[in-house]
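Given next are the chains, with one letter for each unit.
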Amino acid sequence: MSKLHLILKLIRQLRSKAVLLMLITAVAGFAVVYVSGLYRLPRLYQNRLDSLSESGEFIYFDTLGLKTDVEKDISAMPGVRDIAYTAYIGNLICGDNTYFLKAVSSEICFDGLNSGRNVGEDGSMPLIVCSGSAAGSLARDGIVNARLVIGARSRNTSFRICGTVPDDVPVLNFQTGSNAVSAYDMFSPCGNDVYAYAGDSLMNLLRDHYNTDDSIFYPANGVILFEKDADQDARNAVTYALLERNISIQSPDAIEARTRAVSKNSIDTYSAIPLLIMALSLAASAALIVMSVDSEAKTIAVIELIGCSGRMGAALLICTFGVLILPGVIVNSILLLAVNFSGIQLVDNVMLTSGSFGELAATALVFLVIIAAVSLLMTRGRSYAQRKIEEM
Amino acid sequence: MAVVVMKKICKTFTLKDMSVKALDNVDLSVEEGEMLAITGASGSGKTTLLNIAGLLDRQDSGELELFGKTVDFSKDSANARIRNKRIGFVFQDYSLMAGENAVFNVMLPLYFSKIPLRKMKKAALAALDKVGFPRSHLKNKVKFLSGGQKQRVAIARALVNDPDLILADEPTGALDSESSKMVMDILKQLNRDGRTVIVITHDPLVAGECAREVRLSDGRVVQSRDV
Chain L
1 MSKLHLILKL IRQLRSKAVL LMLITAVAGF AVVYVSGLYR LPRLYQNRLD SLSESGEFIY
61 FDTLGLKTDV EKDISAMPGV RDIAYTAYIG NLICGDNTYF LKAVSSEICF DGLNSGRNVG
121 EDGSMPLIVC SGSAAGSLAR DGIVNARLVI GARSRNTSFR ICGTVPDDVP VLNFQTGSNA
181 VSAYDMFSPC GNDVYAYAGD SLMNLLRDHY NTDDSIFYPA NGVILFEKDA DQDARNAVTY
241 ALLERNISIQ SPDAIEARTR AVSKNSIDTY SAIPLLIMAL SLAASAALIV MSVDSEAKTI
301 AVIELIGCSG RMGAALLICT FGVLILPGVI VNSILLLAVN FSGIQLVDNV MLTSGSFGEL
361 AATALVFLVI IAAVSLLMTR GRSYAQRKIE EM
Chain C
393 MAVVVMKKIC KTFTLKDMSV KALDNVDLSV EEGEMLAITG ASGSGKTTLL NIAGLLDRQD
453 SGELELFGKT VDFSKDSANA RIRNKRIGFV FQDYSLMAGE NAVFNVMLPL YFSKIPLRKM
513 KKAALAALDK VGFPRSHLKN KVKFLSGGQK QRVAIARALV NDPDLILADE PTGALDSESS
573 KMVMDILKQL NRDGRTVIVI THDPLVAGEC AREVRLSDGR VVQSRDV
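Those protein sequence lines, which keep their order, are chains L and C. Sequential numbering of the first sequence, starting at 1, is according to the working numbering. Sequential numbering of the second sequence, starting at 393, is according to the working numbering.
Possibly wrong hints are sitting among the right ones.
Computed from the model, here is a short list of chain L residues facing chain C with C-beta under 10 Å [stated by the list, open to error]:
(1) A76
(2) S281
(3) K298
(4) R311
Using 25 Å as the maximum straight-line C-alpha spacing, the simulated PhoX-like pairs for lysine-lysine come out as follows [unchecked claim]:
(5) L:K9 to C:K513
(6) C:K531 to L:K9
(7) C:K399 to L:K298
(8) L:K9 to C:K580
Rough simulated footprint, nothing fancy, chain L against chain C, three-plus residues with beta-carbon under 8 Å [said to hold, decoys possible]:
(9) 472–484
(10) 488–498
Calculated directly from the structure, the hints in this document are not laboratory data. All values reported here derive from a predicted model rather than from experimental measurement. Ideal placement from N, C-alpha and C gives every residue a C-beta, glycine not left out.
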């Protein structure tokens, strides 16, 4: 009982720095996830490319210079099942790039250039949603205004219609991160009154093909998907048709190189400031944890002085150290959970939530434990006598 | 009976690339009820000697006997019990928990005994009374106390478990002359009550208050004389 009282007293001593520690460790944990996202991003691309190149059922092509009629020709060729446009890193945000935006509420209306076009009998409107440079290659003009109801919220939003693809499907271009996040929010199939479904879009076919629910796009401008029974002659014919029209066929290596370049450029352009802030918070967090553990170690040294054994001293230190980092880990986990729940997957084009929530929380926890354990070892490695000598 | 017996104690510290021989074949015997001053220049090994005598550090070679028994430094828990029950420490920097009040600091050694909290508090108050700590300051955090008051708290903590041996490392080093006198008066009173007291000091006046002075130089005992 008295030992419990002692532990409580020791913990109470930490309360003055508890809030600061909690905030900084929470941000630092988030930063770890963010930074690990930078690391994971190219690897994810690599995995996608590897799986695609192994299948050999795709041709990647560059959409620059692609004309509608050319695409119609290609899609009409034997063995071609469908054509999809993918983009670079920006499209990671979208679960699919072809949606039928269905007006399920009278509050939603479309006007402007595309109003009334291609709206089906059920009120759905086909759209291609993309962001970043891929959309730029299809740039046209036109604005669609929509009032969107998302759960209990509603907002007026203007989308720039930046192009059309076959069958006059308008393309919505989300150029900025915030719009892209909004786009994800709005077009997410979960819980929105305005919902989108992909019908038989190519990405669904790709997902079926790979038996995955992954929402990551393949990093090529365009992908031609062949029928399963398409023979080699049909594939070659498509290849020649693309080459005849001066449409470059990308090798997986070239796509990977370009993806990495785009990824690096994106990270360099957009991520410097958040990275700096997060690096600073990491450093501050590490310093604070080290200082706190060191300060606690001094307290434990006093307790050892008056009769506590080394083992019990270590146990007391571990208890207080747990109290130091646990609130930060809990807040960080809540933060990640909120990000996960809100559907935000991206901060400045860097993925935060490509791992599961558990993985991400564990990443942050492991980081904090490593810092604390190192500082613990540093402080426990010195005896009370050595401390005294160093202080002299 | 000798309370502390040191036989050929050696201790070397390695700091970075440098080795410092803190104690070099030290032989020392301190009798029960004695009040001993250990003096010497900075770096002469006084604090190292006290740390070893108080089981806070261990020698590289030689033998240490405490209360008639040879110390086995591998027995961490048993040595912790000796520190808790039979030795009281007083340091120049007080080594108190600055964020806690005087009563809690004095109660600390009792947390390692099976004593109810109520009795712990009572014992702490009695110890604080014994060193003349003002009751009006009992609830003040230690960091708000004067140096003399902090040292009174440290001495009260040292004697709350009624130890046989008091080890004081420069107990007056951070105090003004009035507070120094007060601290020495308390230590002398504790000695008169039958406790063995070892005081490390630079101050000849403090050494002069003790019955015997042992002088260290470069880790060796160079002089031992009755005062």
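Notebook entry, point to check: Quick check: which numbered hints come out false for this structure?
Noted result: 1, 2, 7 and 8
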